[in-house]
Amino acid sequence: MKRLLKAIGKYFADFGTAVSKGDIWVKLSLIIMGMGYIGRGQVIKGLLVTALEAVFVLFTKNISWPYITKLNTLGTVQREEVFDPITMTKTVNEYDNSLLILLFGVLGIAIIVAFLLVYIGNIKSAYRIQELKKNGKHVNNFAEDLRELVNDKFHITLLALPSIGVIFMCILPIIFMVCIAFTNYDAAHQPPSTLFTWVGWKNFITLFSNKQGSTFAYAFVKVLIWTLIWAALATVTTYIGGILLAMLINHQDTKLKKMWRSLFVVTIAIPQFVTLLLISKMFGNYGIVNGILTRIGLVDKLLEWGWISTSYVPFMTHSGLTHVMIILINIWVGIPYQMLIATGILMNIPSDQLESARIDGANKFQIFWKITMPYMLFITGPSLVTSFIGNINNFNVIYLLTGDYVTTDASLAAANAKDVDLLITWLFKITSESQLKQYYMASVIGIVVFIICATLTLVTYSRMIKGDKEEVFQ
Amino acid sequence: MKKKLVAVLLTAAMAVSLAACGKTTEKQPEVAPEQGTEQTTEEKTGDTEVVINQGSDDAIANLIAATEGTVDLTLWCSEMESYQNTMKELVDEFKNTYSDVDFNITIGAQSESTCKDEVLKDVEAAADVFVFADDQLNELVQAGALQAVTTTYTFDPLAANGAGAVNAASLNGTCYAYPLTASNGYFLIYDKSLLTDEDVASWENLVAACEAQGKKCGFDFGNGWYTYGFFSGAGCTATLAEDGVNNVCDWNNETGVAVAESLVKICSSDAVISIGDADARAQAKDGDLIAYVDGTWSIEDFQAAYGDNLACVKLPTFEVNGVATQEGSFAGYKLVGVNAYSKNVGWAMLLAEFITNEEAQMKIGANTQEGPSNINAAASISSPALSALGAQSAFADLQRVGGNYWTPAGTLGQTLYTGTDDVKAALDDAVAGITAAAE
Numbered sequence: 123m124k125r126l127l128k129a130i131g132k133y134f135a136d137f138g139t140a141v142s143k144g145d146i147w148v149k150l151s152l153i154i155m156g157m158g159y160i161g162r163g164q165v166i167k168g169l170l171v172t173a174l175e176a177v178f179v180l181f182t183k184n185i186s187w188p189y190i191t192k193l194n195t196l197g198t199v200q201r202e203e204v205f206d207p208i209t210m211t212k213t214v215n216e217y218d219n220s221l222l223i224l225l226f227g228v229l230g231i232a233i234i235v236a237f238l239l240v241y242i243g244n245i246k247s248a249y250r251i252q253e254l255k256k257n258g259k260h261v262n263n264f265a266e267d268l269r270e271l272v273n274d275k276f277h278i279t280l281l282a283l284p285s286i287g288v289i290f291m292c293i294l295p296i297i298f299m300v301c302i303a304f305t306n307y308d309a310a311h312q313p314p315s316t317l318f319t320w321v322g323w324k325n326f327i328t329l330f331s332n333k334q335g336s337t338f339a340y341a342f343v344k345v346l347i348w349t350l351i352w353a354a355l356a357t358v359t360t361y362i363g364g365i366l367l368a369m370l371i372n373h374q375d376t377k378l379k380k381m382w383r384s385l386f387v388v389t390i391a392i393p394q395f396v397t398l399l400l401i402s403k404m405f406g407n408y409g410i411v412n413g414i415l416t417r418i419g420l421v422d423k424l425l426e427w428g429w430i431s432t433s434y435v436p437f438m439t440h441s442g443l444t445h446v447m448i449i450l451i452n453i454w455v456g457i458p459y460q461m462l463i464a465t466g467i468l469m470n471i472p473s474d475q476l477e478s479a480r481i482d483g484a485n486k487f488q489i490f491w492k493i494t495m496p497y498m499l500f501i502t503g504p505s506l507v508t509s510f511i512g513n514i515n516n517f518n519v520i521y522l523l524t525g526d527y528v529t530t531d532a533s534l535a536a537a538n539a540k541d542v543d544l545l546i547t548w549l550f551k552i553t554s555e556s557q558l559k560q561y562y563m564a565s566v567i568g569i570v571v572f573i574i575c576a577t578l579t580l581v582t583y584s585r586m587i588k589g590d591k592e593e594v595f596q
Numbered sequence: 199m200k201k202k203l204v205a206v207l208l209t210a211a212m213a214v215s216l217a218a219c220g221k222t223t224e225k226q227p228e229v230a231p232e233q234g235t236e237q238t239t240e241e242k243t244g245d246t247e248v249v250i251n252q253g254s255d256d257a258i259a260n261l262i263a264a265t266e267g268t269v270d271l272t273l274w275c276s277e278m279e280s281y282q283n284t285m286k287e288l289v290d291e292f293k294n295t296y297s298d299v300d301f302n303i304t305i306g307a308q309s310e311s312t313c314k315d316e317v318l319k320d321v322e323a324a325a326d327v328f329v330f331a332d333d334q335l336n337e338l339v340q341a342g343a344l345q346a347v348t349t350t351y352t353f354d355p356l357a358a359n360g361a362g363a364v365n366a367a368s369l370n371g372t373c374y375a376y377p378l379t380a381s382n383g384y385f386l387i388y389d390k391s392l393l394t395d396e397d398v399a400s401w402e403n404l405v406a407a408c409e410a411q412g413k414k415c416g417f418d419f420g421n422g423w424y425t426y427g428f429f430s431g432a433g434c435t436a437t438l439a440e441d442g443v444n445n446v447c448d449w450n451n452e453t454g455v456a457v458a459e460s461l462v463k464i465c466s467s468d469a470v471i472s473i474g475d476a477d478a479r480a481q482a483k484d485g486d487l488i489a490y491v492d493g494t495w496s497i498e499d500f501q502a503a504y505g506d507n508l509a510c511v512k513l514p515t516f517e518v519n520g521v522a523t524q525e526g527s528f529a530g531y532k533l534v535g536v537n538a539y540s541k542n543v544g545w546a547m548l549l550a551e552f553i554t555n556e557e558a559q560m561k562i563g564a565n566t567q568e569g570p571s572n573i574n575a576a577a578s579i580s581s582p583a584l585s586a587l588g589a590q591s592a593f594a595d596l597q598r599v600g601g602n603y604w605t606p607a608g609t610l611g612q613t614l615y616t617g618t619d620d621v622k623a624a625l626d627d628a629v630a631g632i633t634a635a636a637e
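Heads up: the sequence lines are chains A and B, in that order.
Our numbering puts the first residue of the first sequence at 123, with every later residue one more than the last.
Our numbering puts the first residue of the second sequence at 199, with every later residue one more than the last.
These are computed hints drawn from the structure, not numbers from a lab.
It is possible that some hints are incorrect.
[Stated by the list, open to error] Subject to a maximum C-alpha distance of 16 Å in a straight line, what follows is the list of computed EDC-like cross-link-like pairs (lysine to aspartate or glutamate):
| hint | chain 1 | residue 1 | chain 2 | residue 2 |
| --- | --- | --- | --- | --- |
| 1 | A | Lys403 | B | Asp477 |
| 2 | B | Lys622 | B | Asp354 |
| 3 | B | Lys463 | B | Asp290 |
| 4 | A | Lys403 | B | Asp475 |
| 5 | B | Lys561 | B | Asp290 |
| 6 | B | Lys463 | B | Glu517 |
| 7 | B | Lys622 | A | Glu203 |
| 8 | B | Lys541 | A | Asp206 |
| 9 | B | Lys541 | A | Glu203 |
| 10 | A | Lys423 | B | Asp619 |
| 11 | B | Lys286 | B | Glu557 |
| 12 | A | Lys551 | B | Asp315 |
| 13 | B | Lys319 | A | Asp531 |
[As the list claims (entries may be wrong)] Here are some of the chain B residues that sit facing chain A, going by a computed Cβ distance under 7 Å:
| hint | residue |
| --- | --- |
| 14 | Ala257 |
| 15 | Val269 |
| 16 | Ala341 |
| 17 | Thr349 |
| 18 | Val443 |
| 19 | Val446 |
| 20 | Asp468 |
| 21 | Ala476 |
| 22 | Asp477 |
| 23 | Thr605 |
| 24 | Thr609 |
| 25 | Thr613 |
| 26 | Asp627 |
| 27 | Ala634 |
[Said to hold, decoys possible] Computed Cβ-Cβ distance ranges for the label pairs, DEER-style:
| hint | chain 1 | residue 1 | chain 2 | residue 2 | range |
| --- | --- | --- | --- | --- | --- |
| 28 | B | Val446 | A | Val358 | 44 to 54 Å |
| 29 | A | Val358 | B | Asp395 | 55 to 65 Å |
| 30 | A | Leu225 | B | Asn574 | 49 to 59 Å |
| 31 | B | Ser309 | A | Gly413 | 28 to 38 Å |
Just so it is clear, CB atoms sit at the ideal spot from N, CA and C, and this is done for glycine as well.
One chain only, chain A, in its complex shape (with noise of 0.2 Å):
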């Protein structure tokens, strides 16, 4: 902390030092952003950042400044049209969009941030050539300063690229969505032809306190806890079987190792979406399970029992029943994957350790839970981590798994819950299934989901790296 606000202070010195100490060239360069390169010969290099900066200027002055001069209001013009019935035309008035004075106004203040930053450098690479110049050593030429480019400084460009597509393509969206979390943007307040506006802590509120006539905060603490139960479940399910899937096909006395080994992989060659929709219907209340559990005679029985109070069994339509109905179809799901990733690795641990265990007089299951477990989970330990991420996040097993369930549950009714439902899927329920496309409750799930997931991931790998593990496998 301390050294980051010591990099900060220094960062600015060096700006002042640059502007004080700079000679003409370099405080002409203050307004005109080339005129410090033009003045010591570097005449393209000059036009270049000239040109960069104004470009820039055209752009905040004439697309996003207007955006940006509407930020803390999002927009006071509401549309109003009238239709002209002689010309059957109609003439619009000058109306605001809120969606695009937040889109807009973001990028245009990220991009004066980022113009900033280039202009300080600007400054103070100036500044640097003209202390090269006083002390007589060398200044490129353009054509030196481009050769540069493809060898010391060869990371600047490679970087370039993938580093603008970050900011644009993931950071300023996130920001964006961010800052949905704090308006009203709803079927109600759509743009273009209804404004929305901030809202404040309001929509975090609702979430998380048991507000008058509000069930959101209900709902999200039995969606969390069913998320972090399924998420739980279905990692260390699919991980446990799938190393001994491995282990069962790898096993000397198991025939035909390779046909076992492709049969289940026929499982992953089929799209998950296919197979999950096609068991959801298997399963149906009026699926072919049921039909055959009726045709056994096994309904009536269980009615008889009074186990069931329907004429089938409800698999993906009973709360209870369907949580561990998907937790067994994901198991058969997921498992050839696991078993994959588990037999390259089986094949991996040193024999000698095996080895040396058996001589030792180590049985199978003290090798196994000794040896092969812990070497196991040292390799896929980030793996697990990623795949535990994964889970809470997983929208298709759960999704397609639960179309046909209703909740029984009116508190999770009203904020548009089901018990099945994940963080995830109760988000997109609110935005693509409700009537009210509550946006700003979706963003703020998906703010909190973000937290959830990036506190556990951070947790878990600052303590699998503690220490010198990777030492004991070697």
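Given chain A, put chain B in place with the hints provided.
Chain B in isolation, oriented as in the chain A frame:
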């Protein structure tokens, strides 16, 4: 803000109508609230008269003269093949009618039931003309996506279409869409070789008949669209509040409790099943399901299952406090809307008029299973499904419920179906959910 917009539009419409009065003395028919729907509609459309002006032919001539280059229009209608083909024919006729203008009309496939979502995703990029189910009207108007129909040029939709359809297309005294079909409601489909007229007259008889034969009957309890009928039939309300966003609902009063108890009783029989319509078609084919509540869109499948024994009838009655009460329903219409953000509003309006006029509706009625909303066209087409709908229409309400209705109502249906000891609590929860403020 919304109120203000509506007010401005109304003022504009009034100014226009005053100006137009000098020229045209066209009769402006008053819209009578549909029979049986007074209760739910009078607050909204009962006291405000819907008015549409008749534009002059000069306007069309002016528009043709003012049009330069190619006119690009997009039309969204159902993905069903019969629909797509019919619309293509109609669009070709439209091009011939206005042969002086060069059109480039694209027909897109977009289910009416989800049209609103697609349109509102990006209203500026949505189709110029689109077909949608009338329950989406409120949200589309709220979002300012619909061009108000203040003037028509080729015919008068108010006079040509049934009063129910016109009501469905109007909100707060303004017409926002052109009615297309009047068959988006539900009724009882059954196998007449196994069930008598007596059996299908009431749920109690129906359940008894199914029990006796070891067969099933039912509907989708998990869908608030169907659950509504029982409560509305008994006189309970669930409809939009004054603000046009939230709901008012009184299902937890004494009548509502009686309705719910009656439903629980009906559902306690093994013969009654809650089943979605895709599963229902399969069950009907197997011969297990012999009576089901559904709409015209499923008729072909049930025809395949029941063959000549297919019969349709208005919904059965059910007992509330020992009195046989007719089950109500939602009456549904398909409407054609013009995008308020269309770049060629004039042409889009003319196209919308063209595909909803009498001849066009006849064609659609003949090629699809749907019933026209046009009075003359409806009179010329008949089918068992449409006559059942006609009989049910006296007990059907306009679908005017806010977004918070659906999930709680579906949950209520499911709860009553699976059975509950405390009906009142279930109703209280449902009403709390339905009436929760949408902000």
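* **Agreement of hint B/Val446 with chain A interface, Cβ distance less than 7 Å** => Nearest chain A Cβ about 14 Å off; hint violated.
* To do: Would you check the hint for B/Lys622 and A/Glu203, treating anything up to 16 Å between C-alpha atoms as holding?
  => It is violated: about 48 Å lies between the C-alpha atoms, which goes past 16 Å.
* To do: Against chain A, run the beta carbon of B/Ala476 and see if the smallest gap drops under 7 Å.
  => 9 Å, violated
* **Given hint B/Asp619 paired with A/Lys423 - CA-CA distance at most 16 Å** => Distance of about 24 Å is beyond 16 Å: violated.
* Asked: Quick one, are B/Lys561 and B/Asp290 close enough, alpha carbons at most 16 Å?
  -> At roughly 14 Å apart (the allowed maximum being 16 Å), B/Asp290 and B/Lys561 satisfy the hint.
* Asked: Holds or violated: 49 to 59 Å for the Cβ distance of A/Leu225 and B/Asn574?
  -> Once the Cβ atoms are compared, 50 Å apart, the range 49 to 59 Å for B/Asn574 and A/Leu225 holds.
* Asked: Holds or violated: B/Asp627 as interface residue toward chain A, Cβ cutoff 7 Å?
  -> 3 Å, holds
* Does the structure keep B/Lys286 and B/Glu557 at a Cα separation of 16 Å or less? -> With Cα atoms ~14 Å apart, B/Lys286 and B/Glu557 stay inside 16 Å; holds.
* Grab the minimum C-beta distance from B/Ala634 to chain A and call the hint holds if it beats 7 Å, violated otherwise. => Constraint on B/Ala634 satisfied, holds at 5 Å.
* B/Val269 as chain A interface residue, shortest Cβ-Cβ below 7 Å -> 12 Å, violated
* Taking 7 Å as the limit, does the beta-carbon of B/Ala341 come near enough to a beta-carbon in chain A? -> Hint holds; B/Ala341 Cβ to chain A Cβ min 5 Å, cut 7 Å.
* Take the C-alpha atoms of B/Lys541 and A/Asp206, compute the straight-line distance between them, and say whether it is at most 16 Å. => 14 Å, holds
The structure does not agree with the numbered hints 2, 3, 7, 10, 13, 15, 19 and 21 stated previously, though it agrees with the rest.
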